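Engineer: Residue numbers (full-length UniProt numbering), protein chains in the order written: chain A, 1 to 241; chain B, 1 to 241; chain C, 1 to 241; chain D, 1 to 241; chain E, 1 to 241; chain F, 1 to 241.
Hints are computed from structural coordinates only; laboratory data are not their basis. Source: prediction; values computed, not measured. In this text, a Cβ means the ideal position worked out from N, Cα and C, and glycines have one as well. Incorrect hints may have been included.
Chain E is nowhere near these chain F residues, computed Cβ spacing over 12 Å in every case [what the hints assert, rightly or not]:
(1) Glu110
(2) Leu150
(3) Gly203
Straight-line alpha carbon distances no greater than 30 Å define the calculated DSBU-like cross-link-like pairs of lysine-lysine that follow [unchecked claim]:
(4) Lys81(B) with Lys81(F)
(5) Lys81(A) with Lys83(B)
(6) Lys183(D) with Lys197(C)
(7) Lys47(F) with Lys148(A)
(8) Lys197(C) with Lys183(B)
(9) Lys183(E) with Lys83(E)
(10) Lys47(F) with Lys47(B)
(11) Lys47(B) with Lys81(C)
(12) Lys224(C) with Lys16(C)
(13) Lys47(B) with Lys183(C)
(14) Lys53(E) with Lys149(E)
6 protein chains.
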Amino acid sequence: MQRSNGRANDELRPVKISRQFTNIPEGSVLIEIGETRVLCTASVEEKVPHFQKGTGKGWVTAEYAMIPRATQTRTQREASKGKLTGRTMEIQRLIGRALRSVIDLKKLGERTIWLDCDVLQADGGTRTAAITGAYVAMIDAVQYLMEKKLIRTNPVQDTLAAISVGKVQGNVVLDLEYEEDSKAEVDMNIVMTGAGKFVEIQGTAEDIPFDRTDLYNFLELAEKGIRTLMEVQKSAVETTA
Amino acid sequence: MQRSNGRANDELRPVKISRQFTNIPEGSVLIEIGETRVLCTASVEEKVPHFQKGTGKGWVTAEYAMIPRATQTRTQREASKGKLTGRTMEIQRLIGRALRSVIDLKKLGERTIWLDCDVLQADGGTRTAAITGAYVAMIDAVQYLMEKKLIRTNPVQDTLAAISVGKVQGNVVLDLEYEEDSKAEVDMNIVMTGAGKFVEIQGTAEDIPFDRTDLYNFLELAEKGIRTLMEVQKSAVETTA
Amino acid sequence: MQRSNGRANDELRPVKISRQFTNIPEGSVLIEIGETRVLCTASVEEKVPHFQKGTGKGWVTAEYAMIPRATQTRTQREASKGKLTGRTMEIQRLIGRALRSVIDLKKLGERTIWLDCDVLQADGGTRTAAITGAYVAMIDAVQYLMEKKLIRTNPVQDTLAAISVGKVQGNVVLDLEYEEDSKAEVDMNIVMTGAGKFVEIQGTAEDIPFDRTDLYNFLELAEKGIRTLMEVQKSAVETTA
Amino acid sequence: MQRSNGRANDELRPVKISRQFTNIPEGSVLIEIGETRVLCTASVEEKVPHFQKGTGKGWVTAEYAMIPRATQTRTQREASKGKLTGRTMEIQRLIGRALRSVIDLKKLGERTIWLDCDVLQADGGTRTAAITGAYVAMIDAVQYLMEKKLIRTNPVQDTLAAISVGKVQGNVVLDLEYEEDSKAEVDMNIVMTGAGKFVEIQGTAEDIPFDRTDLYNFLELAEKGIRTLMEVQKSAVETTA
Amino acid sequence: MQRSNGRANDELRPVKISRQFTNIPEGSVLIEIGETRVLCTASVEEKVPHFQKGTGKGWVTAEYAMIPRATQTRTQREASKGKLTGRTMEIQRLIGRALRSVIDLKKLGERTIWLDCDVLQADGGTRTAAITGAYVAMIDAVQYLMEKKLIRTNPVQDTLAAISVGKVQGNVVLDLEYEEDSKAEVDMNIVMTGAGKFVEIQGTAEDIPFDRTDLYNFLELAEKGIRTLMEVQKSAVETTA
Amino acid sequence: MQRSNGRANDELRPVKISRQFTNIPEGSVLIEIGETRVLCTASVEEKVPHFQKGTGKGWVTAEYAMIPRATQTRTQREASKGKLTGRTMEIQRLIGRALRSVIDLKKLGERTIWLDCDVLQADGGTRTAAITGAYVAMIDAVQYLMEKKLIRTNPVQDTLAAISVGKVQGNVVLDLEYEEDSKAEVDMNIVMTGAGKFVEIQGTAEDIPFDRTDLYNFLELAEKGIRTLMEVQKSAVETTA
């Protein structure tokens, strides 16, 4: 299989993470993976959802959307339709759950960090890009809280990144583009921590069920990609914004 | 860890599959796994969604709901709220995708099989019970189509069942009840075919990320449970309804 | 006119009332009248709607729904459509009103009994079956409250049941099946108390207006059917659950 | 019991029916019964709902609404809430059903008459006033169709009017005002034809169930009131508009 | 250009303002401008929206709707559609904003005046008629508050009226009817105070952009029309209701 | 009055227009005016709304949205709320109307150009920035249609830009920032063509009505600002993308 731009099966697309892409939010990160671009903003709100009230614990939650022409043909706005699609709900629940797995809500205190992931351009892998970028935006929001002395100890417990793997025309490949994704036999999204543990594994056989050997290959490839993403996150965070 | 009713960690709850639970639908299956009970009905509709029109291919889709008092405290109806929750959407997309993986839509022809999974009582594992029961209801609907000579060759390619596994207080356990699920460190749903291949793997670390050894244990346990479920499905299907 | 199963014009279909059909709710009753089956669950909630707050009085309310394939052809879920139909609203208002007519809300105290009537199979008379079954579920919920010593004196003041009558091809008939209902000239639903008084009379001439003689015949027939239903309720309640 | 303005228990409030209250619609009738005022407009549309297409038959349907300050305290608009209340749905279904009972849909031909009943001021009895007024607006719309030679034979088969009766503080009374209605033990709406037959009987015991003697008294009183309303309709229709 | 009824280009249609059109609201005004008729009711509510709470200031807000057959062909109810159109929202925001510009919210105190503008018949200029009529209804509501001694000093600071002007077939005209409006090159709505100042100018070139000379002509014409409207308002207010 | 960055009252903020900000749409323009940033994408769709079908004419329409943290505090998504606010509807109707005023829909042919204006950061003047940026995106979409030979003659008849003016603390100022806008006495949005004519004038006195002299000053200032914006548009369009 020939991948676009001569990319190897185990190779990520070029990744770029820009902090402070806009000036207002506590965190504002543009993540670009190939042609996929997601703007991840972090907003701190000094209240929590009703189910956390009085627990002393905070909350981290995410919302995900695409601008209508992020896609090859224009997609109708969910606001115009008057409701979210199942796909959007599924993705924003995944992002929130992933981020909560590396933050100590007790140390965060009774406040919420909102992560808004707005896809400006979509070429596959938007949900994993959103997790990877939102992690950096969350780091910036936490930094803001510590500078304001609103929290004392850093609640973030580990790094976090995500990538897609899959099988396309029989090949096990890393970081699927839209073209590849649309014809993949298997599509799997993996979220891992810096400690090399799994937070989420979501694998779907679109047409052809897969066996354990495939699975082991997917996991190995995903870990490799996630390691690279964590390096890009690290150098973005270390750069003085 | 002591499980209820002295159940072993690798043991399923009692499973019962009743066909023709109601008389009107083409398939009507009540599946009971412990205290969890899901009514799965199959309806044949002689048309397909717009994206399949003119392709000669059929469609299989699912809807999932709970009656309000399936749960310990009454849950507000989604019809009264005016919209589906993210959880419901996620589950019904999963059920539909899983069933489509074992049916040849070309052989089904341009018609739709609707699988309605209505949870009458919920004690954990409703989504995997729904998949396991809906598979049997789909078999009945296919049988109906063959008897009516609307289709000639059986489009069902393999058997299909699903189960949950997870880690509770450090123990790897099969088929989590509600009590266990609500305090699980890891929760994983596995959908497999009779050929022993994976159709879906959805694993989530609620609090504590998991490593590969955990994953391998989960998969082994799941396969064991799914084999048992497939035997129950088989004897239900073989019984003259 | 020949009715199905050789039923006489003044004869009810076979009636069966099963208590504790599911285990979680305070009351859970499956009522079957011929092929019509309605699951009626009662849930106690320790709060009242805003208009009852601070009055010392409780509330009894009902919700009604059908699973999609309760009907001959699949009906779209109201949750998917995002709103209740007029028919559903009309029916659930009727059920709630009927049940409130035999309970002393002062004695119930500031709490709500929810009656959820979920139609599993529909063959005419679902709203009157729902009232008749929900009455038994309400009795169980009241029993629960008395056993828990949450209320001291039984707030239920009388028994309650409901039935349909109508005119089909010129014949005055009791307990219409779907086939009969769909071609009826007049369709009337009657709710009565054990004291033989009317709680609701809702009669509609679909095509041919009716006169007083018809009306008197309808009422007589309805009372006869309701007396039989009350016996079935009585023996169900007297059975140790 | 002392009724307002010294009205007798079997006496209607003053009734006035004004045709051509607005100029645009095919029929436009303001009906005033005491302080209750309903504007009933009839609109002819040269198409039918999907379920009547190709049958050669027409349709008559109604919509009902109140302006926000028709009531003693301002009621929120249903358009602002984004949905119709159960009460509104129940009423507009009743009005449509009642009007269809006196029109031959075959003679009407494949077109729809919409009856819009907008309550400008509400003092009890709005639904029965709406039926009584909408009947006259429908007559005007039919007249328009005959003058335009769109239909040849008059499809209206009988006259139609409606009134409320009830029991207030033990008294059987005709045409309840809001004050009376809000404390009534029994509230009943009756729709009758000129031939003296019933189209709808909807009786509800709010607190105290009623017996057959009550019912017979209600019916007698209602018929008396309806006869008077039909005279007012007749003289309104006979006046050259 | 020949206008209907031989009206001159700078001439208003006949204007009539009737107070106490209905009896329940604090203010109830029917304004008729030619065939356009709008019922404007004012309701006093002893609370304010959340953003005004605790400020000591009141609020004035408006809602606008048309009955379905106000228009030449029946328009679907927004309540049936389940949402307001953009046009309705735009108009009700305009009416509220205009009325707030002539009232001292501090003197009004923490209460709300709702102005409901229901169009009974529409022949162009409904939004400006609504503003002109709602002003009078607001005056009546303020009068009511002063008589009840709920407020001490009159919060109304100036008179207010509104009119449309535009260019039709090259002619600058005052007070456009529907026929004229639908073919206008420019359509402008002007809201002015008694002091001759502008509260709102909303001008739209439908097809042909306009220049400053046009604009100056529009403003002059509008002021002339608004002066006439204010005289009609004045004599309506001075009449003992 | 001291404006931020020492800006003069008649001075625009720095303006930057970047074409091809994303790669997928037919037109993709990022417009930045000070801290306000709007992404305007143009999408061509080969069909028209139902009211244009069969007319041979095309359509140009706009949608407007803000990402949640475009604003100082996070704004809830309209998609989550399930409906558009009145403000959004008003703005997107304005943008569409403005763009249609400079395009010959006959020459465009039966196709639609969608202009999606997504505000990434909001600091006042987002609607006028959206019009100014969307014009350039529309030019790019038209260019695309001409290169594809889908249209033969350029349907764009004139240039178009928009700006806000207003009165702040008694000063007539150009291009209001959020801080200024929130305390402005008068706020006016002006849309003009290259020929110096008005397409839209929308002026609102928030507190203090304005007179004609103010209006003339507003118009002069607006025209000055719009001339500058048109130069920036021109040089952006002339740059080879």
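Engineer: Sort out which numbered hints this structure fails and list those numbers smallest first.
Structural biologist: 3, 7, 8
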